[in-house]
Structures are given as C-alpha cells and as structure tokens.
Amino acid sequence: MQNRPSGFGNPWLQLGVSVVCVFASELLLKRGASEVAAPDDAFSWTGINGLASPLVWWAIVLIIASFISWLYVLRCIPLSLAYPLSRVVDILVPLGCWIFLGELISTLRWCGIALVVFGLALVAKPIAKMEERL
Amino acid sequence: MTFLAFLFILISLVTFVAAQLILKRAMEFSATNGMRNSYFTSRVAIGVFLMTVSFFLTLGLLQRFDLSYLYPFQGLSVIFITILAAVVLKEKLSARLTIGSLLITAGIVLVSMS
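Protein sequence lines, in the order shown, are assigned to chains W and U. Everything in the first sequence is counted per my numbering, starting at 1 for the first residue and increasing by one. Everything in the second sequence is counted per my numbering, starting at 135 for the first residue and increasing by one.
No lab work stands behind these hints, which were simulated from the structure alone. Be a bit skeptical, because a hint or two may be false.
What the hints assert, rightly or not - In silico lysine-lysine, DSS-like type, Cα no more than 25 angstroms apart, as pairs: (1) W:Lys-125 - U:Lys-226; (2) W:Lys-129 - U:Lys-226; (3) W:Lys-129 - U:Lys-158; (4) U:Lys-158 - U:Lys-226; (5) U:Lys-224 - W:Lys-129; (6) U:Lys-158 - U:Lys-224; (7) U:Lys-158 - W:Lys-125; (8) U:Lys-224 - W:Lys-125.
Please model the complete structure; the sequences and the hints are all you need to start from.
Have a look at this one:
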C-alpha cells in the first residue's frame, strides 16, 4: 500500500464510490422495476420488460461503474479488509428503502434486517479469506 | 411468499455466486496462460451469462416485492460460499462462521414472515 495514489485514485475513495454506486443502483432498479411492473404477466418474471425503463439503464451504468472501481480497490486493498468494509451497503440499502422509496418497514422486518447485518458483520472477514482461496 | 418467488430468489443467488467463482477462476487462469485461448473465453462467457440471468431474475422479483424485503436475501450468498468452502476446500467451519450463518438465516426467516 506504499506509493498510494492520492486524489481520485485513492483506493479508499474508490471503495466509497463503489459502495455509493451499488446503493444508488439498487434504489434505481427498484424504481425502474416498479415503473414497468406487470405482475399479472408471467413473462415479467424474466425481468426483461424492465429494460423499458430508463432508470434501469442508469442502474446498469452504475453497476458497471461500481464493478470497475471495485476491481481498482482490490488492486490496492486486501479482500479481507475491503469486503467487510463494503458491507456497509447492507445498512444503507434498507435505510434508502425507508427514506427514498417510502417503503413501510415493519418492526419484524427491521429485526430481520438487523440480524442479517449482524450475521454479515461476523462472517465478512472469514468469507473474504475463503473467497481468496476459492 | 409463493413457492415460485422463493425459487426465483434462490436461482438468482445461485447463478450470481456461481458466476463470481467461474469468473475468478478464469481470471486466475489468464494470469498464467493469457487471454487468447478458448478456455478463458468460454469461462468468461459462461460467467457473464450467469450474471445476466441473475440480474434479470432480480428485475422480475423487484416488480413484485419491496426492495427492503428482497435485499436481505442476498445474505444467503454468504451461506452458499460457506457451504462451497466446506465442500470444495474441505474447510472446517469456525464458530464465528457458524454463528454468523445462523444469524443470517434467522434474519431471513423473520424478513420472509414480514
């Protein structure tokens, strides 16, 4: 991690960029999918009709951006450090659902989300080590 | 939740995890053998195809369910990796992994009941 690039090339900044892109893409995908939702149509299970929404295309752009910055992060930061940190998105997404999408999250669902987040926090490091070997 | 929805959630997760592993293997292979060979191209093609399947299934699910409902299910991918590590790498599961996996499972059960 010596000679670490500064400015926009800073890997920690790129980790933040990657997380924000994933977060925004999830919310955009949900908005886009809701726009074109056709739950009575069996074909819509394939999700292909989602491409009719421009928001879905913006989400795809963000997914690609997050992928590129993630690859860059992995060049500079070990996976067993970067991966646990990237899991902060698991807290951001439910909060985003509540704040930006206006989803009514019941107490039961909040409790479930909290358990998943605790579980992920616990396993993130060992999983990252495993992924390095897999 | 219907059986069909649960099936699609599972397929989208399994295809995603499989794609990650296949792409990783392909990249490792390319580090020593280069990218101009049929093994590398076919693996990358399979990986990209599986990721595309996973993406569109998620898009279909998002038309029917809240994001706050679907998102926690992504935690299941951790459990798939744990199982894979135990099977492929013959790793013994640490207490930390077991407790974490149980918490994730319990959380997903609560979310699916909500």
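Going through the hints against the structure:
no.	hint	in the structure
1	W:Lys-125 - U:Lys-226	holds, 16 angstroms
2	W:Lys-129 - U:Lys-226	holds, 13 angstroms
3	W:Lys-129 - U:Lys-158	holds, 14 angstroms
4	U:Lys-158 - U:Lys-226	holds, 23 angstroms
5	U:Lys-224 - W:Lys-129	holds, 14 angstroms
6	U:Lys-158 - U:Lys-224	holds, 19 angstroms
7	U:Lys-158 - W:Lys-125	holds, 18 angstroms
8	U:Lys-224 - W:Lys-125	holds, 18 angstroms
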